[in-house]
Every structure is written in C-alpha cells, then in structure tokens.
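Trainee: Let chain A serve as the given structure and place chains B, C and D with the ligands on it in line with the hints.
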Amino acid sequence: MTRPKCETVRLIKRRDLKNDYFSFTFAPFSAADKCRPGQFVHLKLPAGEVYFRRAFSVASVETSCGDLELIVKVVGRGTRILAALRRGDATNLLGPLGQPFKLPRRRERVVIVAGGVGFPPLLFLAQKLIDRGHDPKHILFFYGGRSRSDIIERSRIKKLGVDLRIATEDGTLGEQGLVTKPVKTFLQKYGDNCRIFACGPEGMLKAVNELGLALHVPGQLSLEAPMPCGIGVCLGCVVPLTAGGHARVCCDGPVFQIGEVAL
Amino acid sequence: MTRPKCETVRLIKRRDLKNDYFSFTFAPFSAADKCRPGQFVHLKLPAGEVYFRRAFSVASVETSCGDLELIVKVVGRGTRILAALRRGDATNLLGPLGQPFKLPRRRERVVIVAGGVGFPPLLFLAQKLIDRGHDPKHILFFYGGRSRSDIIERSRIKKLGVDLRIATEDGTLGEQGLVTKPVKTFLQKYGDNCRIFACGPEGMLKAVNELGLALHVPGQLSLEAPMPCGIGVCLGCVVPLTAGGHARVCCDGPVFQIGEVAL
Amino acid sequence: MTPDMKVMIAGVEFDNPVLTASGCCGYGEELAQLYPLSKLGGLVTKSITLEPRLGHPPPRTAETVSGMLNAIGLANVGIEAFIREKVPFLAKQQTRIIVNVAGATIDEYVEVSRRLNDVAVLDMIELNISCPNVDQGGIQFGSDPYLTEKVVAAVRAVFARPLIVKLSPNVTSIGDIASAAEAGGADAFTVMNSVIGTAVDIDTRRPRLTNNKGGLTGPAIKPIALAMVDAVHSRSRLPIIGVGGISDWRDAVEFFLCGATALQIGTALFVEPEAPLKIVHGLKDYLRKNKMKSITDLVGRLEKY
Amino acid sequence: MTPDMKVMIAGVEFDNPVLTASGCCGYGEELAQLYPLSKLGGLVTKSITLEPRLGHPPPRTAETVSGMLNAIGLANVGIEAFIREKVPFLAKQQTRIIVNVAGATIDEYVEVSRRLNDVAVLDMIELNISCPNVDQGGIQFGSDPYLTEKVVAAVRAVFARPLIVKLSPNVTSIGDIASAAEAGGADAFTVMNSVIGTAVDIDTRRPRLTNNKGGLTGPAIKPIALAMVDAVHSRSRLPIIGVGGISDWRDAVEFFLCGATALQIGTALFVEPEAPLKIVHGLKDYLRKNKMKSITDLVGRLEKY
Ligand SMILES: Cc1cc2nc3c(=O)[nH]c(=O)nc-3n(C[C@H](O)[C@H](O)[C@H](O)COP(=O)(O)OP(=O)(O)OC[C@H]3O[C@@H](n4cnc5c(N)ncnc54)[C@H](O)[C@@H]3O)c2cc1C
Ligand SMILES: Cc1cc2nc3c(=O)[nH]c(=O)nc-3n(C[C@H](O)[C@H](O)[C@H](O)COP(=O)(O)OP(=O)(O)OC[C@H]3O[C@@H](n4cnc5c(N)ncnc54)[C@H](O)[C@@H]3O)c2cc1C
Ligand SMILES: Cc1cc2nc3c(=O)[nH]c(=O)nc-3n(C[C@H](O)[C@H](O)[C@H](O)COP(=O)(O)O)c2cc1C
Ligand SMILES: Cc1cc2nc3c(=O)[nH]c(=O)nc-3n(C[C@H](O)[C@H](O)[C@H](O)COP(=O)(O)O)c2cc1C
Ligand code: FES
Ligand code: FES
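Order-wise, the sequence lines are chains A, B, C and D. Position 185, counted from 1, in the first sequence is what our numbering calls 185; the numbers after and before it change by one each time, with no gaps. Count along the second sequence from 1, add 1000, and you get the number used in our numbering. Count along the third sequence from 1, add 2000, and you get the number used in our numbering. Count along the fourth sequence from 1, add 3000, and you get the number used in our numbering.
Only chain A is shown next, with the shape it has when bound in the complex (with noise of 0.2 angstroms):
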C-alpha cells in the first residue's frame, strides 16, 4: 500500500452536472497513479466556515498528468463551500487512504450496484477493471437513483461497453423501484461466479449485504461515516463488526467485505 500524500493542489477543471454534481479535477497530485478504487482522498476546504475536511471517493485519475477527478454531490456546508471553487483555486489533498476494492479474477462476473453519492468509486472500480483487460459484457452497472435527476453521468459509462441498469424509484427512468430489486432477480438468476461491488446509501448497502448473505454471494461494500481525520488516528468513524468489535471505516475501510459490518 503507498503512503498519502498530503499535497497543495489545484482545481484544474470543473463541470457542473445536474441535480447539484459536480466533477472537479484536482492537479497536480504526485499519488495519482497509486489511487486504487474504492480509495479516497481528504480534502481541505478553502478556510471559511467549516474546519474539517471532507472524504471523497476517486472518481477517475489521468496518471501521466496527476489529474484526480472527484464526483461531488453538494448536500451541506462543505461541498456547498466546494462548489464554489473556480478554476484554478488551490486546496490540499491527503491521500490515496482507505482500503481500495479487492478486484475481482478475470473470468468472474461483476455486479456492480451504485446508489446515488456512491457511484464515483465504482466508476473508477469498472474503468479500472476493463483497463485490465476485464470483459465491459461482464460487468453490470446496476445504477439507483430517486429520479432520473439522479443518475449522472450515463454517457460516461455507457461507453465503457458495461451492462448498465438503472433504477429509479418514481421510474422516470430505468426500472422503477429501488435498485435492489432487479439486482436480487439478477442474482437469484445468476448469482453464481459473481461478485458484488456496492456503493451508497446506509439502507441500500443493508439490503445488499442481506442479498450477499442470504444468495451466498460474496461481495465488497464502501462504506461512509463521518471522519475526522481519515487516516486512523482518531477513532471517530467506526462501525461494529459483526464478530465483534469496532473498525475504522477511514482506515480498515471504507471497502468491507459482505457480511464483515454490523449494518
């Protein structure tokens, strides 16, 4: 595992996406090529009102330049001060931390399931896997949302040839209903020979790590918890384990195997 890096970067590009996401892509970071998916980066806001930093997922990185891309959904204070950062405005990065995603073995069939804030590690998760020579057919993309608002970035990743699905829980888009349903028929189906990636809300990730138990499925979870430090030092982020005892979802996460967290 690389060491983090504690690095002044800067914003070199941002797009605006809807329903309050934003891509921002930080450069020059000098651990861009050790970010695995499933990692995260700390990230010091502009001083102002809000002290500590803020975790987010690897979205992407372009290793011969240090671009590191982060998908940002505002919802309070800090990605509200985030969001109005402009082109060329520095900030410090701490990272890559966490553990990234066990990838998985070539032949196996990958079941993504993204919900919400928690697609941009598995974006990074699939593009990572087909960069190594992964099968697009063999990765499905299922992909949750409330409203079709919810779902970014959909031409992105169509273009990586994966077997997208979406699910929204009003149906403007995709299957209605919520994410979970069709990956359950999915792996009721085909459940053999694959492995689940999950991403997103607290009662998404429950219903997945139940799916995983109950269908004998193994899988990986990413997990969010409020982090104070990110790196392990102050015992804030943890979540009970199952065999008792607590974990640090900063730092002996935010990836848990299905059935390891107490959800």
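Don't read these hints as lab results, they were simulated from the structure. Check each hint, because a few of them may be wrong.
Keeping only pairs whose Cα atoms sit at most 25 angstroms apart, straight-line, the calculated DMTMM-like set for lysine to aspartate or glutamate is [to be verified]:
hint: 1; chain 1: A; residue 1: LYS13; chain 2: B; residue 2: ASP1067
hint: 2; chain 1: B; residue 1: LYS1005; chain 2: C; residue 2: GLU2029
hint: 3; chain 1: C; residue 1: LYS2278; chain 2: D; residue 2: ASP3201
hint: 4; chain 1: A; residue 1: LYS44; chain 2: B; residue 2: GLU1049
hint: 5; chain 1: C; residue 1: LYS2304; chain 2: D; residue 2: ASP3203
hint: 6; chain 1: D; residue 1: LYS3304; chain 2: B; residue 2: GLU1202
hint: 7; chain 1: A; residue 1: LYS5; chain 2: D; residue 2: ASP3203
hint: 8; chain 1: C; residue 1: LYS2006; chain 2: D; residue 2: ASP3176
hint: 9; chain 1: B; residue 1: LYS1044; chain 2: C; residue 2: GLU2063
hint: 10; chain 1: C; residue 1: LYS2291; chain 2: D; residue 2: ASP3201
hint: 11; chain 1: A; residue 1: LYS5; chain 2: D; residue 2: ASP3201
hint: 12; chain 1: D; residue 1: LYS3304; chain 2: C; residue 2: GLU2029
Mentor: Same frame as chain A, but now just chains B, C and D with the ligands:
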C-alpha cells in the same frame, strides 16, 4: 440624525488601487443619501473565518442610485476577505453610524490632515464642502504617508481643486517627513480662522491634537477603535476623555473635538 | 395556524422567548433605533451596580476564532442614574424588562435590588453572580454554593418580584450552584455567563485585554452552553433561560430541546442586530413544519441515548 | 544562528517542544506513514486502561463551529496488547514517548502504571484524570483536589519515572487541582483536556453523540486553554505542557508566553497532519526574527497589565 439601516447590498464596482488599497462600491443602499462625512458603515464579511463586522468610513456616495464607496486598505484577515469579494457578491451593510464631522462655516479655512488609511472620510468631507459651495482653494488637503505608494487617488483629489500638500516619510513624493510638519508650519503662520479635520494613525492624531491645543486652532479628529458592535451596545470601543470618563468611539464618535479625548 | 410563541417564566408571560442578553444591548436605546423593542421577548439591561463604574481601560474586547473575549468590567451608570436616565425610556417600551444586578458585596446586591423594588417598569431582576471580569463580586459568589445561596437569599428577602439567577460555566458542578440558588429562593436561571479565557498579542507579548483575561462568548461556546443548560435542567425544575453562542434559529432549537424555556442573544447581536427577530421567525417556521402548536412543546424534548 | 528548540521537562530532554496529544495520534503507526516521528518533540499515546475498551457506539464525534465534540469513550487496546503489539513499534521511533494512563479506579491507574514501569521505551506517563467521556474514572478524579492527590500519590508510589498529570478545565479552580497533583508527586502538568459540551441534531431531536455529551476541542477552545495554562503557571513552578486549540505557530507562541514549556497538538492534526512540523518551523522563524536564542526564552514571558 438618521436611523441606521441594515441592508444587503451588492458589490457593483471594485477598483484595485495601488499598495493594497481597494475602492469598493456597494449598492443599492437606501441610506446612501443620509451618509455624512465622518460617518462609517459596519460591513459584514462573507461567511468565513472572520466573525465580526468591520468598520469603514464612507468615502463617497452617489445618492441618486444608492451607491456607497468605501476605500479599504488590506491590513489583516478581515480586509483580506473583503479584497476577495467579486463584482456581484452580496454582503450586509449596517449604517450610517457614528457622529459625522461638524461642517465649518463657508468662510472658514479648512485644514484637512489625512494619514494613510485615514484618507477616505476626508475625501468625502472635501467633496461635500465643495458641493456645498466651499471655495476649494480654502481647503488645504495635507496628505501624508510612509512612501509614494501610500498616497492614493491623487488625481481625484486634484480634480476637486483643493490645495493638496503631500508629505512622505521617505521623501518619494511631496515634502520629506511627517505630514504634521508642514501642517504645523502652516498653522503657525495662518492658523487664524482655520478648522482642522484629521484622520489617520494614532501618532498623527496625537500630534494634530497637540498642535491644535498649542496653537488654539479648533478642529475635529476621527478616531479608530476595535468595534465589536458599532452601534453603542457593547462598550468595547471606548476611549478615555480628558474630562474623565469614557466615550464610545462608535456612537459618541468616531469624530471628536480636538482636546476632547485623552490620546 | 400560527404557532404560539408565548412562554411563561416565574409567572411572567413573554410574547416570544427570544430576549437580548445583558451587556449586549445596553439599556435598549441604541437597539430601538433599528427596530421596535416590542419585537423582542424581552431585554436584559447591562449589569447595574450601586455606584457608576467606568470599567476597565481599553482594549477590553478581542476577537477570537468564532467568538470574542470581553473584559468590560461592569461599566455602567450606577443604580441612581439608571433609574433617573434609563428607566423612563424603558418604561415606554412594549417588551419585558429584566434588570441585571451585580455587586462586589452581598450588601451591594441587596441595596441595588431593594431600590429596584420600587421601579414598576421592570418585570424581573437577573442576579449576575457570574461575571468573570471583576476582581470582587461576580464570579466568586457564583462559584461557591454557600455564597450563592447566601446572596440569593439576601436579595430574595428585599425583592418581591421574580428573581433570575445567572450562572457561571466556570465551575466544577453548575448543578450544585443551581441547587444552592434554588434553595436561596431563585425563580429561574439564566444559563450561562461567559467562559473565562484569554488571548495574547504575540508582537507586543501582552495580553489582548488590559484585564489580562476576559469572558469568551459567541458561537465558539455554544456546545458548552448547551451542556450547561442540560446539566441545570437535569437538576432543577425551575425554568431556564439559555444563552451562549446562539446565532440562528437552529441554535435556538438546540437550546429548547436541552431544556431552555427562553433564550438570550448576546454576541450575535453585534454581527446581526436583527438576529432575535430572525430567530423568532425561524422558530415559527420550524414549529409549523413540525406541526407543533407551541414553542413550549419543544422544551426539554431531547431524546437522549 | 539556529535557535535552540530543546526543552527539558522533569529531567527529560525533548528535541523540540511540539508533541502530539493523546487520542489524536493513536499509537503512532498511522502518523509515521506521513513523516518520520523523529520530527516530533514527542508523542502521547491514546489513553491506556487495564482492560481493552471498545468505547462508545458511533456517532462519537460531531463537528462544531471551529471545533469538534468527541466521546470516544477511551477506546483502547488495553495495557497487555499495548505492551505486546504497540510498544515494539514505538521502540523503534526516534522521539519521546509518553504513555497516557486512564482508569476507573485508583487501583486501575496504579496497575497500569506499575506495568508501564518495566517498559523501557516510554519516557514518562501522563495521567489522564480529566476525561469527560466516561462514567467512571477520568474527570471525577480530576475535579476533586482530594481525589487528585490520592490518585497521583498512588501512581507516584509505583512509577519511578517522570509523571505528568493532565488537568481538566471543567473545574472551579484548576489551580487547586494543580496544587493537589503537585502535593501528590506530579512532575509536570498537561493543561488541558477537552471542555464538556454537547450538540443536538434538530431533525432527530437526539444528541449528536451516543454518549449525550462529549469533549469540545479545536480552535474554539484556545482562549480557555490559554487562561488555564496561565492559571496553573501562576500557581505552580512545575513545567506545563500546553494543549487546546493550537493550530499554528502563532497559537504556539501564545502558549509559551502564558507559561507552557512544551505543547501538544490534538484536533489540528486531523485537518493538518503536518501541523506539528509547521509549528516547529514557524517557531524557529519567530525566534530568529526576534533574535532569541532558545525557545525557553519565551516561556512565561507574558507582560501582564
Ligand atoms: C469514504 C468516503 C467517500 C465519500 N465519497 C464521496 C463522493 O465521492 N462524492 C460525494 O459527493 N460525497 C462523498 N462522501 C460524502 C461526503 O464526504 C459528504 O457528503 C460530506 O462530507 C458531507 O457533506 P457536507 O460536508 O456538505 O455536509 P455538512 O452539512 O457540512 O456536514 C453534514 C454533517 O455530516 C458530517 N459529516 C462530515 N463528513 C461526513 C461523512 N463522510 N459522512 C457522514 N457525515 C459526515 C459533518 O460533520 C456534519 O455534521 C464520501 C464520504 C466518505 C466517508
Ligand atoms: C470608524 C472606523 C472607520 C474606518 N474606516 C476605514 C476605511 O475607510 N478604510 C480602511 O481601510 N479601514 C478603515 N478602518 C479600519 C478597518 O476597520 C480596519 O482596518 C479593520 O477592521 C482591521 O483590518 P482587518 O479586519 O483586515 O484586520 P484583522 O487582522 O482581521 O484585525 C486585526 C485586529 O484588529 C482588530 N480590529 C478590528 N477592527 C478594528 C478597528 N476598527 N481598529 C483596530 N482594530 C480592529 C481585530 O479584532 C483584530 O484583532 C476604520 C475603522 C474604524 C473604527
Ligand atoms: C461585551 C459583553 C458584555 C457583557 N456584559 C455582561 C454584563 O454586564 N452582565 C452579565 O450578566 N453578562 C454580560 N455579558 C454576558 C452575556 O450576557 C452572555 O451571558 C454571554 O455573552 C454569552 O452569550 P453569547 O455567546 O450569546 O454572547 C456580556 C457579554 C458581552 C459579549
Ligand atoms: C478524538 C479525540 C480523542 C481524545 N482522546 C483522549 C484520550 O484518550 N486521553 C486524553 O487524555 N485526551 C484525549 N483527548 C484530548 C486531547 O488530548 C487534547 O487534550 C484536547 O483535544 C485539546 O487539544 P486540541 O484542541 O488541540 O485537540 C482526545 C481528543 C480528541 C479530539
Ligand atoms: S476518521 Fe479518524 S479514525 Fe477514521
Ligand atoms: S463598538 Fe460596541 S459600543 Fe462601540
């Protein structure tokens, strides 16, 4: 005296003057036409690391459209945040506050003594006097700074037609030395029928105060003090009076008579 | 449906629960230039002592991170001038008037309170036994349960109307002090006064206050104030006026949930003189959205773990 | 001329006066990924208790204005696992190691300290009698002079090397507690632990910490910590390690001037893991600019009014 207004205004114009000085024009401020020279506004900074408002003297007003100009020198955290304001940004303005200069009679000779960042209220004063028919040639505008770059808006002052006399400590512009030196020479010679109006660093005000007392030239000084509230309720901005007791700079001042304050 | 904002403290009804804090609104005149004081639930005057006091020499305030230090030193006009010069103005205001009383000795507290007995305009007094900024009086009474009970009982004996005691956070157990004040005859508590703190000018190597230390106030101390309100609420059934770092209606809701029946706004007034009005407005909205009829439905409704 | 950054506390020399605070640097492993620990003056471990502790259930931290609340609840591996699993790593670090000791009873403090006696790698222990986040032990010892003296003396009797006592700000007189600790045999003080506070989630109407309250830390509390350092410095001649809200070298200078001989950096590490290194750098610059030879020239040099 008009009641202060507490209003959200926008930055409609900013000019970067040299040496960390900026001119900011805010609008629309409904009390712009009520502002009198020597009065100040209390400006809320955009949400950030500085919690309290900052006081700035009114430098000019365009009463027809509610424009209010402040001239600000960046000296610390608060003013640095201000300097980052961009056109269109909103902020909250409380004012006009404080006691204005009492205007001289038309035939009195006006001796303005401006030191560094004490310049803005005196610019407003000179403008006001001329607007009211005071002969510009009877307005002596002594303006001192450490160096050439401390003397801002020279052409603007000259346009007023006042008798501008510059002094810089390093001699890079005007007479060499402290501005109080030519003021003294002038008052010793022509002190009769003069009124002093001074604003600037503490040392300068002290010297002017002593000059006025020694030469029996009446006048007014505009003081600064850290101002938590700006409206007279916190008692944080007091200065000792020669007659005993304290006065609040924010509402009993900032303009005081020469001899009134124990400097 | 407009939610009911009325609250009752020691038999006195307040139109709304948002007051301005002592030392942060003078004697009301300045704030009245900005809006009618009738919009406030009430106003607490600067601390009044027997003799006029000049207070400490400047600098007596200093900005800190998300807050400020002050060591004004109880500067005030004294009880006589207060009654002569300030009461007539206050008498004309359509709001509840609470006079904050301070002293260096029990006799002084008693004498000021006795004289206030005859001042019809005031609704209650608030005993400041928690001022961190004077050598004598203030906080030393408020840090010792025995002295607290003694001074409260002494004032109680001469003052017939409701008596609030303002508590200090600079103690090991604010609950013990509250109990002592209750035993002495307090009708309500104001929780809390400022937290002792200091700041240094590293260029001059001098304290940033001539009093060397001062009271920390503002948003920085809100978590402390909430814990203090909760501690007093767990200990006594007397009504609590919460104060410390409140800037907006969200902060206000936190205080009600922790057990405050009313609030005072201090430092936030300096940044936003209209903060109390905005808070009342925001509270009404919150109640409406949560389908609550009265602000009193919020009081103490924190569901603890 | 490079200013001398060495400081001496209870006979132990530190290469520089900037340490990391207990609970904010784990047992050192994580920070060591970012920079060699030899750059620190020293490191204070998370509090160690006799048995391993899980701590409180999450959420156990909450962000506040310019600070945070924590109620970790002394989560730690316990003395045995500490010695077995953590000490070998610490033994390899070129920095001063201070082990923070906590307990629910005097016996527990004594037992943990006794076992640490044989651990060569540590340079001193820091007695945490000030943790606000556990029901038993911690702060109750640190809020009562009698108990303070008792627990310090009991540890003193079994621990041969230097003994620091970490004081709580949540007391009426930190000076009294410091005196009691000194009487019990303390060699130095750490001033201060976190300030009791709480925060409420107004949507769920629950506390934002499962422990209902927690300890406030970060820039918000710096003025309080400075006043506490000053109070202990006025009362005792023992060396003080200042801690509370320090984020940069300017803050650091304030603490030295108020009487601290060394510093600990806590919450600031979460935002800026390299803060201690930057502070050392900034302090050197400050000394150089002010033509001072040694950091010790700053200690207690506040010119009070
Ligand atoms: C490992 C990890 C990866 C993440 N990846 C992404 C991503 O790729 N894109 C994205 O948009 N968001 C991501 N997040 C979530 C993002 O960090 C939060 O949205 C953000 O911190 C909270 O938003 P805010 O700061 O605007 O809200 P605020 O209103 O400022 O904070 C809301 C509250 O949440 C608390 N908080 C802070 N951080 C977290 C957190 N991580 N989880 C829960 N509560 C928190 C704050 O203390 C505050 O009390 C990730 C979080 C984690 C832990
Ligand atoms: C009546 C009045 C009129 C003023 N007019 C002008 C003007 O026209 N143009 C201009 O550039 N400046 C003016 N000032 C000064 C301006 O308010 C200060 O420069 C500014 O508040 C301090 O700068 P800062 O906020 O960047 O410094 P900071 O570093 O943020 O503050 C420096 C320190 O000074 C304290 N402080 C805050 N306000 C003051 C103050 N007013 N005096 C002294 N210390 C203070 C802060 O609390 C802090 O401790 C005026 C001040 C007053 C009182
Ligand atoms: C400048 C200033 C002066 C104060 N003067 C007094 C006072 O005279 N009497 C008193 O009881 N409290 C006084 N206080 C304390 C406030 O009433 C209040 O308890 C404290 O400021 C905490 O609330 P806040 O954080 O909302 O300001 C003063 C506070 C400030 C900031
Ligand atoms: C998350 C966290 C955990 C802490 N754990 C401990 C602890 O176990 N033992 C202890 O003595 N102090 C503990 N502290 C207190 C710190 O050591 C320090 O005294 C306090 O945080 C104030 O300093 P700061 O403002 O620089 O953080 C903890 C603080 C934080 C923020
Ligand atoms: S965020 Fe600090 S330990 Fe995980
Ligand atoms: S600034 Fe508050 S009284 Fe003048």
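Trainee: Compare the structure with each hint and give your call.
Mentor: Comparing the hints with the structure gives:
Restraint check: the Cα-Cα separation between A/LYS13 and B/ASP1067 comes to about 36 angstroms, which exceeds 25 angstroms; the hinted pair is violated. A C-alpha spacing of about 15 angstroms is found between B/LYS1005 and C/GLU2029, which places the hinted pair at or below 25 angstroms, so the restraint holds. Proximity of C/LYS2278 to D/ASP3201 is assessed by CA-CA distance (about 20 angstroms); at most 25 angstroms being required, the pair is judged to hold. For the hint linking A/LYS44 to B/GLU1049, the alpha-carbon distance of about 14 angstroms falls within 25 angstroms, and the restraint holds.
Our distance criterion of 25 angstroms between C-alpha atoms is met by C/LYS2304 and D/ASP3203, whose separation comes to about 14 angstroms. Our distance criterion of 25 angstroms between C-alpha atoms is met by D/LYS3304 and B/GLU1202, whose separation comes to about 23 angstroms. Only pairs whose Cα atoms come within 25 angstroms are accepted, and A/LYS5 paired with D/ASP3203 is rejected, the gap being roughly 37 angstroms. Using a Cα cut-off of 25 angstroms, the hinted pair C/LYS2006 and D/ASP3176 is violated, with the two alpha carbons roughly 45 angstroms apart.
With a CA separation close to 15 angstroms, the supplied pair B/LYS1044 and C/GLU2063 stays within the 25 angstroms bound. With a C-alpha separation of about 18 angstroms, the suggested pairing of C/LYS2291 with D/ASP3201 holds against the 25 angstroms cut-off. Distance hint between A/LYS5 and D/ASP3201 is unfulfilled; the C-alpha atoms sit about 34 angstroms from each other, more than 25 angstroms. A C-alpha spacing of about 36 angstroms is found between D/LYS3304 and C/GLU2029, which places the hinted pair above 25 angstroms, so the restraint is violated.
Of the numbered hints given earlier, the model fails hints 1, 7, 8, 11, 12; all others are met.
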